Amino acid sequence: MDFLNSALMGFQLVFQPINFMLCFAGVLLGTLIGVLPGLGPIAAMSLLLPVTFNIPPVSAIIVLSGIYYGSMYGGSTTSILVNIPGEATSVITCLDGYQMARQGRAGPALGIAALGSFIAGTLSIVGLMFIGPFLAAGALRFGPPEYFAIMILGMTILTFLSNGPMWKGLLMAAFGLFLSTIGMDNVSGIARLSLNIEELIDGIGLVPVVMGLFGISEVLLNVEGSMERSIFKTKITNLLPNWKDWKASVGPIMRGTILGFFLGILPGAGAIISSFASYAIEKKISKYPEKFGTGVIEGVAGPESANNAASGGAFIPLLSLGIPSNAVTALLLGALIIHGIQPGPLLIKAHPDVFWGTVASMYLGNIMLLVLNLPLIGLWVKVLKVPYPILFPLILLFCLIGAYSLNNSITDVIIMNIFGLIGYFFRKFRYEAAPLVLALVLGPMMENSLRQSLILSAGSPLIFLNRPISSVILIIAFLLLAFPLIPGFNKRRPAFGE
Amino acid sequence: MNNDQVSSGIWLLMSLIICLASLQYKVGTLSAPGSGFLPLLSGMAIGLFAAIGFIQATLRKKRGEIWHSFLKGLRWEKALIILVSLFAYGWLLGLFGFFLCTLLFIGFLLRVVVPQRWSLVIGGSVLISVVSYILFDVLLKAQLPRGFLGF
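Chains as they are written, first to last, in numbering that gives the first Met the number 0: chain A, 0 to 497; chain B, 0 to 150.
Hints were generated in silico from the structure; no laboratory data involved. Treat the numbers as computed from the prediction; the structure is a model and nothing was measured. Note that beta-carbon positions come from the ideal geometry of N, C-alpha and C, so glycine has one too. One or more of the hints may lead you astray.
Reference listing, derived: stretches of chain A covered by chain B, where coverage requires no fewer than 3 residues with Cβ under 8 Å from a Cβ of chain B [said to hold, decoys possible]:
id	segment
1	178 to 192
2	388 to 396
3	399 to 408
Required output: the full structure, derived from the provided sequences and hints.
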């Protein structure tokens with residue numbers, strides 16, 4: 000009964016005109032961001048974060064979450080029509096989606112991507128509703144060592160799955176941890192490593208760092224290469240898949256949903272790995288694996304469902320443990336903290352409006368996306384035709400405004416530019432920025448947990464191994480770190496882009 | 000030197016700087032970690048991973064891996080122009096104010112990076128500046144800097 004009342008309260012909240020409008024704006028903007036290569040959900044959410052300061056916290060989370068899962072929908076459009084993934088999560092959709100478009104079946108490809116995403120997104124929210132409160136109740140028994148262990152595991156998984164050698168991912172995480180220590184030390188009150196710059200006493204802001212690493216560096220890389228892209232000219236008809244398409248897609252959609260949801264819960268895994276894993280599974284169990292890559296609808300239905308289910312699953316550790324599982328949810332965590340809400344196991348009890356409002360908005364948002372996406376595909380194609388030389392100054396301007404308006408500080412603009420340059424070199428030398436961002440967000444929490452644990456144990460690091468939950472979690476993290484030592488393992492290790 | 004040798008070498012240097020900077024603060028003990036504890040720990044971790052990377056890269060170098068230029072065949076000067084204009088924007092924002100600074104910034108990028116027609120440059124920069132000013136400053140109350148023009 001309590002559960003139903005809470006869910007009802009969430010729906011009452013989301014149907015308030017302001018929240019309804021913000022949910023709509025979020026998913027619309029998210030789809031647009033997903034469609035446009037070169038501007039990801041992280042940069043878009045960073046940009047809008049300062050704008051949300053003047054609205055209630057629940058409305059802020061509704062609009063920011065809308066951008067996140069809206070971009071998952073939009074990313075498939077470019078994969079299918081242009082063979083360029085709008086988002087990293089849609090990379091695998093290019094393989095069969097674009098081939099379907101070339102065969103004159105762009106409509107069913109876009110249709111099954113939207114419908115599969117809707118089904119997966121909706122089912123993952125049901126999972127979030129049931130598992131979130133349950134996990135939060137269990138997490139009340141967690142102490143600092145358990146939290147520390149979970150955060151270590153999250154960062155280890157993310158570095159394990161990052162592209163290239165593992166030392167690079169671990170190095171990025173260590174650098175992110177270092178960056179998180181800049182500014183006031185909560186325990187001693189000393190301003191650390193702030194170089195006597197007043198703005199750095201509060202620490203390096205997440206938004207300028209993220210915008211620099213993901214937004215500015217992306218533009219810098221794009222402008223030095225070819226800025227032309229050709230859209231495959233095809234008439235988009237019959238968006239609703241036929242009976243044969245449905246029959247082939249039901250299995251991949253359901254398998255993709257389950258896989259994506261559970262991988263989304265894992266800290267550090269998420270939408271990208273789930274879409275790749277879904278494709279691999281579908282190919283493995285298919286009666287005609289050799290046809291994958293030539294335009295089979297299962298190759299679109301599975302991964303697109305998986306990445307949407309994962310985006311729902313990613314909210315579970317965020318809302319029930321206060322631990323983000325990827326860079327996007329790290330940004331949402333930052334937004335919650337800025338709005339004065341302390342994420343963690345007590346969030347559902349202390350701020351039921353935030354949890355249930357977000358859950359209800361995701362239901363509504365998924366319906367909005369389905370209604371929006373199918374009729375608006377023509378519009379998204381037109382958006383894709385905006386030449387990049389006209390688009391990139393706008394992206395840069397949005398980043399500049401976003402960085403400045405966070406604290407009305409030019410220092411933040413300079414920090415963003417510096418991280419834009421750093422991000423450019425990271426990409427040139429093949430270092431992934433995602434572990435850095437996660438470590439930057441988790442850093443202060445990790446430091447507190449580490450210090451509290453060591454104080455609890457009178458300085459004995461064995462506290463992490465003496466407690467069963469933290470020891471199991473740390474052993475898993477250790478095994479992940481040890482795997483690359485197996486000869487030849489690195490060649491077989493699954494690696495996914497950002 | 001190959002690419003990873005260079006980058007891990009830079010990280011080793013960075014680790015040294017971080018460790019030295021951390022030692023300015025009280026490191027403390029395991030039972031009572033001080034302000035410099037985590038910065039020092041992260042600096043040491045950076046050094047450790049960079050050393051692993053350097054050793055691996057050196058072994059690959061011995062097997063014949065060479066330096067690959069990451070600027071070859073690319074129009075890197077366009078990226079440089081953008082970067083300089085971004086820093087200039089940050090520098091001039093307080094002096095010129097949001098509107099004028101944005102007008103010049105957008106106009107410059109449209110004309111210089113991939114040269115567009117003057118009509119598009121002028122029309123585009125004015126339109127973007129006006130719309131972004133109205134959207135962010137007037138409607139969303141973002142309190143953008145005014146500059147000597149007063150807007």
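Item to complete: Run the structure past the numbered hints and jot down the numbers of the failing ones, going up.
Response: none
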